[in-house]
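Novice: Chain by chain, the residues run as shown.
Protein chains: 2
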Amino acid sequence: MVDIATRVWNHKWKIDPIVRSLIDTDFYKLLMCQSVFRNHRDTNVTFSLINRTRSIRLAELIDEGELREQLDHIRSLSLSRGESTWLRGNTFYGKRQMFTPEFMEWFENLRLPPYHLEKRDGQYELTFEGKWPEVMLWEIPALAVLMEMRSRAVLDDMGRFELQVLYARAMTRTWEKVERLRGTPGLRIADFGTRRRHSFLWQDWCVQAMLEGMGPAFTGTSNCLIAKNRDLEAIGTNAHELPMVYAALAETDAALAEAPYKVLADWHDEHEGNLRVILPDTYGTEGFLSRAPDWLAGWTGIRIDSGDPATGAETAIRWWQERGEDPRDKLVIFSDGLDADKILDLHARFSGRVRVSFGWGTMLTNDFKGLAGDALAPFSLVCKAIAAEGRPTVKLSDNPEKAMGPPSEIARYKRVFGVGPQDAIPVTV
Amino acid sequence: MVDIATRVWNHKWKIDPIVRSLIDTDFYKLLMCQSVFRNHRDTNVTFSLINRTRSIRLAELIDEGELREQLDHIRSLSLSRGESTWLRGNTFYGKRQMFTPEFMEWFENLRLPPYHLEKRDGQYELTFEGKWPEVMLWEIPALAVLMEMRSRAVLDDMGRFELQVLYARAMTRTWEKVERLRGTPGLRIADFGTRRRHSFLWQDWCVQAMLEGMGPAFTGTSNCLIAKNRDLEAIGTNAHELPMVYAALAETDAALAEAPYKVLADWHDEHEGNLRVILPDTYGTEGFLSRAPDWLAGWTGIRIDSGDPATGAETAIRWWQERGEDPRDKLVIFSDGLDADKILDLHARFSGRVRVSFGWGTMLTNDFKGLAGDALAPFSLVCKAIAAEGRPTVKLSDNPEKAMGPPSEIARYKRVFGVGPQDAIPVTV
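Chains as they are written, first to last, in the working numbering: chain A, 324 to 752; chain B, 324 to 752.
By construction, these hints were calculated from the structure, which means they are not laboratory data.
Check each hint, because a few of them may be wrong.
[As the list claims (entries may be wrong)] Think about it this way: if two alpha-carbon atoms lie no more than 35 Å apart in a straight line, the pair counts; the simulated DSBU-like pairs of lysine-lysine are:
hint: 1; chain 1: A; residue 1: LYS692; chain 2: B; residue 2: LYS692
hint: 2; chain 1: A; residue 1: LYS692; chain 2: A; residue 2: LYS442
hint: 3; chain 1: B; residue 1: LYS551; chain 2: A; residue 2: LYS335
hint: 4; chain 1: A; residue 1: LYS454; chain 2: A; residue 2: LYS418
hint: 5; chain 1: A; residue 1: LYS418; chain 2: A; residue 2: LYS585
hint: 6; chain 1: A; residue 1: LYS692; chain 2: B; residue 2: LYS665
hint: 7; chain 1: A; residue 1: LYS692; chain 2: A; residue 2: LYS707
hint: 8; chain 1: A; residue 1: LYS454; chain 2: A; residue 2: LYS707
hint: 9; chain 1: B; residue 1: LYS692; chain 2: A; residue 2: LYS665
hint: 10; chain 1: A; residue 1: LYS653; chain 2: A; residue 2: LYS737
hint: 11; chain 1: B; residue 1: LYS707; chain 2: B; residue 2: LYS585
hint: 12; chain 1: A; residue 1: LYS551; chain 2: A; residue 2: LYS454
hint: 13; chain 1: A; residue 1: LYS737; chain 2: A; residue 2: LYS442
hint: 14; chain 1: B; residue 1: LYS454; chain 2: B; residue 2: LYS418
hint: 15; chain 1: B; residue 1: LYS442; chain 2: B; residue 2: LYS707
hint: 16; chain 1: A; residue 1: LYS454; chain 2: A; residue 2: LYS585
hint: 17; chain 1: A; residue 1: LYS335; chain 2: B; residue 2: LYS335
hint: 18; chain 1: B; residue 1: LYS335; chain 2: A; residue 2: LYS551
[Stated by the list, open to error] Here are a few chain A residues that sit away from chain B, every Cβ distance over 10 Å (derived from the structure):
hint: 19; residue: SER344
hint: 20; residue: GLY453
hint: 21; residue: PRO701
hint: 22; residue: VAL752
[To be verified] Distance windows between CB atoms, simulated:
hint: 23; chain 1: A; residue 1: ASP326; chain 2: B; residue 2: LEU524; range: 17 to 23 Å
hint: 24; chain 1: A; residue 1: GLY417; chain 2: B; residue 2: LYS442; range: 56 to 62 Å
hint: 25; chain 1: A; residue 1: LYS337; chain 2: B; residue 2: ARG651; range: 55 to 61 Å
hint: 26; chain 1: A; residue 1: MET324; chain 2: B; residue 2: GLU645; range: 55 to 61 Å
hint: 27; chain 1: A; residue 1: ASP339; chain 2: B; residue 2: GLY445; range: 50 to 56 Å
hint: 28; chain 1: B; residue 1: VAL331; chain 2: A; residue 2: ASP339; range: 27 to 33 Å
hint: 29; chain 1: B; residue 1: LYS337; chain 2: A; residue 2: GLU383; range: 54 to 60 Å
hint: 30; chain 1: B; residue 1: GLU428; chain 2: A; residue 2: ASP339; range: 49 to 55 Å
hint: 31; chain 1: B; residue 1: GLY445; chain 2: A; residue 2: THR414; range: 51 to 57 Å
hint: 32; chain 1: A; residue 1: GLU502; chain 2: B; residue 2: GLU645; range: 54 to 60 Å
hint: 33; chain 1: A; residue 1: THR751; chain 2: B; residue 2: ALA671; range: 39 to 45 Å
hint: 34; chain 1: A; residue 1: GLU502; chain 2: B; residue 2: LEU524; range: 22 to 28 Å
Ideal Cβ placement from N, Cα and C applies to all residues, glycine included.
Can you build the whole structure from these sequences, using the hints too?
Specialist: Below, the structure written as structure tokens:
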């Protein structure tokens with residue numbers, strides 16, 4: 324029986340909105356937003372979209388008018404009552420009232436600020452300028468919109484059964500990964516794939532497939548809307564934007580050297596337990612850890628997000644041992660460029676030596692490589708804080724391919740943070 | 324939006340019926356039924372289900388009560404007005420009024436006769452006794468019910484996503500065949516997979532995939548219901564049951580030797596053009612053709628349904644040449660144990676020498692091999708006329724593995740039809 328009402332209702336939509344909720348975003352964005360709201364609510368920050376895969380000419384694939392419609396739709400969104408209730412009433416990481424009444428009141432009244440969109444050289448220049456807690460919330464929906472519009476553009480001229488078979492193949496591929504992973508004792512994996520997803524519905528499918536296939540080894544999703552809808556744990560802690568903006572705001576080299584620790588000192592005041600996870604690579608993991616204050620060694624874990632992941636984990640283990648901590652009590656979260664094989668390798672190598680956990684992104688929610696020729700191959704799109712109070716931000720990371728910022732500032736940061744030669748690793752996702 | 328009415332309606336079904344229409348059957352069954360109705364309407368015939376793959380113990384997989392419910396449901400079916408209109412009004416093989424008003428009136432009043440069901444040695448003994456035109460219509464629905472109940476039994480303990488991935492894999496596999504086949508100039512393929520289908524919905528999916536993927540190279544389906552619903556050509560001519568019953572009714576060896584030609588003489592009176600297709604293998608192709616009357620060489624084509632298909636086609640070509648016919652005007656329909664590779668091989672070998680056409684069965688509509696371990700591997704289930712007026716029927720075919728009937732009768736038929744040594748070919752589907 325065709326549901327006529329649904330069909331007629333669907334006729335009324337001017338667009339098929341990609342992002343339909345302000346909590347269709349990563350959980351760590353909201354945690355960081357609350358922290359920023361508390362500590363830097365009036366700081367002016369600029370976020371910008373950066374397509375690291377220049378060969379994919381997004382402005383030729385995606386119609387500007389349609390992109391504006393999607394972005395305008397996001398600006399029309401506000402927190403629904405149910406979403407607000409979930410954020411206020413849910414237990415996150417074992418804690419009630421993770422979000423303060425003051426933050427929630429602000430969030431309930433938030434609309435996303437204006438965006439600035441231009442075409443240049445086959446790419447979109449999409450920037451967001453304004454108060455940090457507001458513009459930072461553009462990152463994930465902006466990425467999700469661009470990613471899904473690219474998918475739609477590629478799928479646009481495929482037939483009905485061709486499409487069904489495309490998804491059949493992608494489902495088969497995802498399920499084969501689930502089958503390869505499941506049954507490995509002690510494995511713990513969360514979905515971190517919102518920003519690079521093929522589409523919202525596809526991410527939602529992948530999450531459900533992980534849930535059925537992996538059982539308790541699937542620990543949750545970074546996506547708040549999917550966590551809410553599917554009654555899952557929302558997963559995430561903090562990201563590079565905090566040290567990047569803190570660093571940009573530093574007036575002196577000495578203040579710059581202290582900035583990454585200031586971030587974690589603020590975080591230390593706000594969070595405990597499994598939320599105390601260090602992201603050490605913004606300006607080089609080695610230097611960050613060797614200069615870190617002792618209280619940081621008491622934190623629960625470290626997230627490895629660039630460079631060779633095994634090297635990063637070995638560095639962390641050595642550091643904990645030097646500071647008199649037992650690594651077996653510590654958590655290592657791998658979250659960079661994972662796929663099933665790499666997950667199994669890293670788990671085999673570190674399981675038992677530390678508590679291992681994985682945040683699986685692009686290759687969970689967007690592995691369509693080869694399924695429509697090369698047209699759906701993964702690519703590397705990010706949306707980053709590029710300036711704070713008019714000063715450029717810098718990221719070095721443990722992979723020079725991921726470095727960003729003006730060359731003179733990169734040189735200064737390398738000097739201040741004592742970053743020596745680094746191994747370049749190609750960035751594909 | 325959930326369609327509540329649909330959901331509540333679905334609650335009301337006591338069973339999920341597998342066969343829901345009397346025209347969910349092969350088109351040739353209806354053509355033969357009309358012929359039988361005209362020439363032998365009072366002949367008593369027994370049809371019986373035969374599982375040639377003894378290792379699949381159907382009576383242990385399928386609940387007897389549920390099987391009876393499905394068979395009882397089929398007995399409750401009658402031709403709907405729309406189905407009757409389609410049969411009366413449609414053009415089949417370019418001919419209007421393929422079915423006479425007298426036959427249609429009989430068919431509109433038909434309910435399928437009783438069945439007899441017993442369990443023996445892990446198998447079901449399912450037989451149908453009665454007037455030939457009535458019991459013959461049990462063949463396809465009985466097979467479809469057993470096939471789909473076996474599928475359901477295997478799928479019963481699979482999870483929701485496991486199921487979705489199973490179908491994703493099957494869709495991918497089917498589509499890969501479509502992709503391998505399409506683009507081959509002059510290819511003509513029809514769906515002959517009703518009797519061995521995984522399920523009705525799956526056959527319907529495969530037909531639609533062929534339609535989208537192959538375009539005009541997909542010539543239609545043997546399934547009348549799907550042909551009607553999808554506005555396709557209904558495809559089919561005649562089958563072994565005609566010579567088998569005619570032969571069983573023969574009183575003398577001389578009459579027996581003539582029986583297969585009598586079948587085609589009756590058919591000659593009723594049909595012309597592309598419906599004049601010889602099925603020569605019932606009692607050995609070589610002998611059948613060498614003793615055939617000259618008027619038969621004027622027929623349009625030959626269907627190759629057992630033995631080595633290339634040998635069968637070469638035999639047919641030689642025979643046409645001996646009788647002064649140009650094989651390039653003739654049609655060869657391959658319909659035995661086909662899959663994509665075999666189709667391409669045969670097409671490459673015979674295209675241009677004759678008009679080639681394919682009736683693709685089991686491996687189109689039921690290729691789940693290896694998708695649920697071995698549990699869904701194809702198997703060889705048939706439903707055959709085993710007796711007429713109390714006398715056993717015999718089939719020899721061009722493959723001794725497909726022979727059936729009492730040994731003494733097989734020996735007699737071999738003598739009468741001059742069948743020498745035959746090559747055995749394993750029967751898997």
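Novice: So, against the hints stated earlier in the document, which numbers end up violated here?
Specialist: none
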